[in-house]
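Q: Please model the complete structure; the sequences and the hints are all you need to start from.
2 protein chains.
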Amino acid sequence: MEGVDYLIDERKKAQFDVEAMKVAWAGSREAFELSDRMAKLVANDPAFEKFTRPMLSRKELFKNTLRKAAHGWKLIVDLRLTEEEAKWLRLYIDEPAYTDLHWGMFIPAIEGQGTEEQKKKWLPLARRMQIIGCYAQTELGHGSNVQGLETTATFDPQADEFVIHSPTLTSSKWWPGGLGKASTHALVYARLIVGGEFHGVHGTLRKLVSSLNSAVGKPVSNCIAVVCIYRLCGKMNLSIVYHRCFNEGFIVQLRSLEDHLPLPGITVGDIGLKFGNGAYNTMDNGVLRFDHVRIPRDQMLMRVAQVTKEGKFRQSDVPRQLLYGTMVYVRQTIVSDASKALSRAVCIATRYSAVRRQFGSRNGGPETQVIDYKTQQSRLFPLLASAYAFRFVGEWLKWLYTDVKQRLEANDFSTLPEAHACTAGLKSLTTTATADGIEECRKLCGGHGYLVSSGLPELFAVYIPACTYEGDNVVLLLQVARFLVKTVSELGYKQPVGTTAYMGRVAALMQNNCTVRTVEDWLNPGAIVEAFEARAARMSVACGRQLAKFENPEEGFAELASDLVEAALAHCQLIVVSKFVEKLQQDIPGKGVKQSLEILCYVYALFLLHKHQGEFLATGYLTPKQAVLANEQLRTLYSKVRPNAIALVDSFNYTDHYLGSILGRYDGNVYPKLYEAAWQDPLNDSDVADGFHQYVQPILKQKLHSAKL
Amino acid sequence: MEGVDYLIDERKKAQFDVEAMKVAWAGSREAFELSDRMAKLVANDPAFEKFTRPMLSRKELFKNTLRKAAHGWKLIVDLRLTEEEAKWLRLYIDEPAYTDLHWGMFIPAIEGQGTEEQKKKWLPLARRMQIIGCYAQTELGHGSNVQGLETTATFDPQADEFVIHSPTLTSSKWWPGGLGKASTHALVYARLIVGGEFHGVHGTLRKLVSSLNSAVGKPVSNCIAVVCIYRLCGKMNLSIVYHRCFNEGFIVQLRSLEDHLPLPGITVGDIGLKFGNGAYNTMDNGVLRFDHVRIPRDQMLMRVAQVTKEGKFRQSDVPRQLLYGTMVYVRQTIVSDASKALSRAVCIATRYSAVRRQFGSRNGGPETQVIDYKTQQSRLFPLLASAYAFRFVGEWLKWLYTDVKQRLEANDFSTLPEAHACTAGLKSLTTTATADGIEECRKLCGGHGYLVSSGLPELFAVYIPACTYEGDNVVLLLQVARFLVKTVSELGYKQPVGTTAYMGRVAALMQNNCTVRTVEDWLNPGAIVEAFEARAARMSVACGRQLAKFENPEEGFAELASDLVEAALAHCQLIVVSKFVEKLQQDIPGKGVKQSLEILCYVYALFLLHKHQGEFLATGYLTPKQAVLANEQLRTLYSKVRPNAIALVDSFNYTDHYLGSILGRYDGNVYPKLYEAAWQDPLNDSDVADGFHQYVQPILKQKLHSAKL
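Line order of the protein sequences matches chains C and W. Each step along the first sequence adds one to the number in this note's numbering, with nothing skipped, and position 118 is 118. Each step along the second sequence adds one to the number in this note's numbering, with nothing skipped, and position 92 is 92.
Just so you know, these hints were derived from the structure itself, not from any lab. Keep in mind that a hint or two might mislead.
Computed cross-link-like contacts, DMTMM-like style, restricted to lysine to aspartate or glutamate with a CA-CA straight-line distance of at most 25 Å [stated by the list, open to error]:
| # | chain 1 | residue 1 | chain 2 | residue 2 |
| --- | --- | --- | --- | --- |
| 1 | C | LYS708 | W | ASP259 |
| 2 | W | LYS703 | C | ASP100 |
| 3 | W | LYS340 | W | ASP94 |
Which chain W residues face chain C? A few, computed with CB under 10 Å, are given here [as the list claims (entries may be wrong)]:
| # | residue |
| --- | --- |
| 4 | ARG58 |
| 5 | ASN64 |
| 6 | ILE271 |
| 7 | THR375 |
| 8 | TRP679 |
Since we're looking at a predicted model, the values are computed, not measured. Cβ coordinates follow ideal geometry from the N, Cα and C atoms, glycine included.
A: And the structure:
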């Protein structure tokens with residue numbers, strides 16, 4: 001029945017103030033109200049309907065996205081939305097589009113790397129969307145390995161122009177979002193050639209980069225490379241490091257502003273279908289080749305390095321703080337996105353687990369709600385707890401960004417390596433856990449989770465690139481490991497800072513073992529944090545010792561890569577656990593809000609402890625008995641989460657539009673809506689399917705020999 | 001360049017005879033030749049082209065599948081293929097179609113549950129495909145919980161007919177493959193009502209089933225329910241157990257054989273899109289409602305139970321052996337499919353890891369092949385080893401099926417519970433590992449794995465239902481756990497058999513600890529198997545002890561569900577490891593073949609040991625030091641796999657057609673083909689995208705206010 005809330009009994013069970021929890025989740029009342037306003041604006045506007053998306057052909061799908069992007073932009077302009085509001089609006093439109101790259105990469109890159117003059121010329125055009133830009137870095141044969149880029153930009157002093165060229169097939173730009181069909185301009189990264197000489201990575205730096213790479217064994221993104229090299233050669237002038245690592249960026253017009261046709265020398269198109277129905281196929285990830293395309297000299301972004309009219313290559317004194325700040329900022333956004341994606345999936349799976357009933361009927365009464373089964377709880381509730389944990393660690397990263405920025409502005413670089421390791425690790429941990437968690441939520445919905453109308457297949461398909469972009473997750477953990485090993489090796493004379501401060505107590509952490517004796521003893525934040533600290537510290541120290549056995553440290557690093565990754569993950573889990581614990585030391589208003597979060601914090605920590613008990617045991621910090629007690633406590637905690645489960649996902653404040661899931665409907669009215677939705681599949685347009693007369697009738701009538709197949 | 005083998009250097013490295021390994025993989029020379037012949041028949045026939053599949057709209061996609069199915073059937077008829085050949089042909093066509101259900105479920109169900117008369121009437125029609133049938137059991141509100149089915153079949157003695165009816169929305173049949181558009185008939189499972197009385201599960205049995213369900217906490221498929229109940233009430237007449245658990249099956253005509261329109265009272269259609277591009281959307285999974293549809297009495301399958309003309313319900317003496325044999329048979333097929341799916345993904349990821357180069361370039365030479373990095377090896381090679389492990393355990397299950405069948409025919413039921421637990425567990429283990437493994441392979445291909453043309457997204461999307469159908473994987477493990485706990489509790493007076501025989505040595509396994517002292521000591525099948533036995537036995541015993549603390553054993557079972565699942569998985573991993581070890585005790589011809597398989601066997605076992613080291617340590621069988629030694633040995637083993645990696649995936653003998661992946665091409669010519677493929681996306685049909693003039697031009701020209709969106 002329409003208008004009935006089938007989950008009302010569940011909502012009555014809640015032991016906390018849901019409205020207060022919504023504010024805690026959003027971060028502040030203002031943040032909640034802004035987000036809520038934008039969510040409703042989108043949800044109530046039929047122009048942003050999502051249901052048919054997965055059924056559209058690629059062309060229809062793309063056209064529909066262009067329409068939504070235009071409609072969104074019109075709202076932003078008409079309602080004079082602030083930048084912050086516009087960001088939330090685009091988020092809730094929930095459809096990857098060229099505008100994401102235009103606003104998220106093209107404009108910020110010009111802001112960061114352009115001279116004042118260049119900004120004055122290009123930013124107004126871009127901000128009014130008189131031009132549409134994308135960010136063209138990766139190539140067909142080269143992921144984020146910036147050294148490997150093959151596209152060239154050769155300076156021609158006679159014409160005062162650069163000649164942009166793709167010398168090989170593998171140098172084709174490949175993947176940039178918005179490049180294929182929408183963008184009029186691209187920010188193209190290329191190897192600069194001036195006077196016949198490459199101005200790329202070379203000499204001493206080449207060696208440094210090469211050692212970094214062989215250690216890491218995988219593509220490293222620009223920012224990462226810079227920071228790593230910074231750490232490897234701390235005394236070198238940062239600005240040199242910076243410009244030599246980056247290929248230079250060039251603003252290149254791709255298409256005519258009149259008829260949108262590709263300009264001479266430009267070959268551009270879409271790279272084809274990606275994973276999933278709808279999903280990221282709304283985006284025109286593109287391929288681009290240059291055949292000696294000429295651009296004026298002033299279209300090289302020259303804040304960092306310049307090429308003069310005379311063909312002289314120069315570098316400026318870069319205000320590097322902003323560049324590094326950006327890295328921390330981007331990572332923080334990714335962690336925040338992870339908590340959004342995971343919480344969406346958890347919201348769907350939790351609500352449907354309360355709706356769905358299977359077995360356990362007594363005397364012909366209704367069957368048991370699936371959410372009441374321990375196997376369901378032990379898979380679902382840790383994900384619910386993770387969503388909250390990621391939300392709070394993301395919030396803390398926002399603070400870290402401000403802190404790093406302020407320090408950099410004051411020329412204080414002391415916390416930079418730690419901040420880099422921390423953000424890299426958290427990006428890796430949260431995106432991997434979220435991708436896996438979305439798929440787990442799909443499985444928790446049983447067979448119906450496989451239907452596109454459950455929303456989970458599309459959520460998964462659209463999310464998983466996060467594990468690869470901005471640094472492959474395994475590579476990032478290797479970088480964290482490198483930092484940890486270095487921190488350990490320097491303990492004698494260098495005080496570890498920030499999230500590695502616990503390493504300063506390494507002697508105690510190596511020596512003291514866990515003192516837990518009863519199930520209740522585990523309900524102690526101090527005991528939990530120390531357990532995670534001891535495990536992480538002991539694993540880092542063990543890696544350091546193993547590495548010391550190798551003559552060539554880089555060979556050791558390559559050989560022990562898997563162990564290093566495990567140590568890094570242990571460290572990152574510690575960060576998430578301790579930031580959750582710290583959050584709970586703050587004042588959190590609202591009846592029962594803090595108590596409910598405390599339960600989730602314990603669930604998150606003890607779930608990880610059980611999952612990785614091998615490491616806690618192998619390092620000798622825990623006894624098998626203590627591990628068993630933790631697991632028993634975990635079961636008790638699940639029972640405490642149970643009555644609050646629906647309210648905890650209601651607190652995300654997601655509209656049915658944003659969730660995009662019949663299984664996750666707020667009102668729980670699942671089955672009639674699934675049934676209704678089925679009939680909208682194009683296959684149901686006619687009673688007898690297209691192709692029946694050609695391909696099935698001849699079989700049934702035993703006339704296949706004469707049929708035309 | 002066409003015709004060049006870019007992987008030739010890799011192939012030269014192989015230390016074994018690839019042709020002999022192909023035979024070892026296939027099981028026999030005959031099996032290899034049959035499979036090879038069918039694979040090539042499909043690959044060389046342009047009618048079975050797969051590349052455009054993911055780009056088709058739902059209607060085009062379905063029509064295309066109908067075409068392929070007809071073409072396949074024509075080949076089977078024209079070439080007079082045997083049943084075995086036809087099965088391989090359908091497999092290599094590699095496109096889910098209504099024919100899968102017609103041949104795989106509809107016909108076998110009539111064979112198993114029909115009387116001689118019924119078989120004589122229906123089987124010839126079905127085998128000539130004069131009718132097309134599907135298997136309609138699950139309902140919108142009810143998964144595999146056969147008790148919960150709501151569809152009714154009421155006997156009307158006046159008319160000598162059954163009235164098939166869907167009394168509620170949730171009773172709509174939902175999910176059956178082939179039901180939506182193709183099938184003319186369905187085998188419908190419904191609650192039988194004779195003389196106003198339900199002939200479903202009730203009375204004593206109702207209680208038994210209910211206790212089973214609350215323990216298991218999830219849908220249980222028919223076969224599972226039967227066998228569990230059989231175990232719970234061993235002394236009851238099996239045939240009673242059997243018929244009371246099943247709803248009865250009715251052959252119902254759905255569509256006219258003339259115009260294919262749904263018959264009166266029948267509402268039938270497709271349930272809508274499922275996960276992924278192409279993938280399972282080639283199948284018309286259907287929804288079906290009955291409005292008092294009448295069928296003749298003799299369309300109830302009456303081998304097991306009859307309703308007489310007079311309205312008397314009777315049961316026959318069922319030759320139950322075949323029914324149970326079927327269960328083992330189906331599971332064995334699923335395990336075999338798992339090894340196929342995983343090996344496809346591994347083949348793609350391995351070849352592309354050898355093609356792809358990233359970093360590590362020395363003096364401007366080529367970059368390092370990704371496959372040479374330890375992080376890549378430590379993720380990829382265990383999956384390669386798993387593919388082989390699953391292949392061999394599947395082969396062993398085939399033997400088990402024969403064995404069980406022979407015993408049942410001789411009225412020997414002694415091994416049945418063990419065979420059930422074993423097949424249930426292996427189905428769960430292999431399908432979960434395969435689903436996760438395919439996604440891991442996709443990640444191992446970096447960014448390009450996200451492209452549909454990598455083949456991995458579709459492979460994943462089409463595979464994952466295997467984790468849910470024929471018993472949800474978690475539920476199955478709970479059943480294994482129940483069996484293990486029972487086995488432990490009966491140890492004093494009942495000799496454990498088959499894969500649980502090791503439990504007979506439980507005293508020794510509880511007492512003796514691992515004797516490994518050096519890295520080399522781990523290269524010992526005896527040491528490895530004993531470690532897995534000790535871990536599994538100790539975990540089962542621990543569960544038994546925990547359960548004993550509960551007054552109500554079923555409550556204990558529900559509360560400890562997660563621990564039980566872990567114990568069950570440990571037992572199942574032991575089975576796979578020991579069957580791999582046993583395989584290697586056989587004669588395996590071919591230079592270096594056995595040696596290469598031995599390495600894979602160690603990789604599989606030691607990888608699991610490392611992954612689950614917490615359990616090996618917590619149970620006290622291993623010391624942390626021994627776990628470290630195992631991990632060190634594992635690294636050495638990876639280096640031994642490396643030179644053979646490409647040859648090991650070549651040995652699967654997959655055609656490029658079957659792989660369906662540009663990244664996994666046999667010749668390694670990846671980049672030019674990716675580039676070529678991009679241009680075939682419909683978005684590239686025109687230089688300027690559809691929708692540009694409506695939705696982008698007005699933005700660029702600042703005329704959005706007057707645009708029609």
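Q: Now tell me if each hint is right for this structure.
A: Consistency of the hints with the structure:
| no. | hint | result |
| --- | --- | --- |
| 1 | LYS708/C to ASP259/W | holds (19 Å) |
| 2 | LYS703/W to ASP100/C | holds (21 Å) |
| 3 | LYS340/W to ASP94/W | holds (12 Å) |
| 4 | ARG58 | holds (5 Å) |
| 5 | ASN64 | holds (8 Å) |
| 6 | ILE271 | holds (5 Å) |
| 7 | THR375 | holds (5 Å) |
| 8 | TRP679 | holds (6 Å) |
Comparing the model with each numbered hint stated earlier shows that all of them hold.
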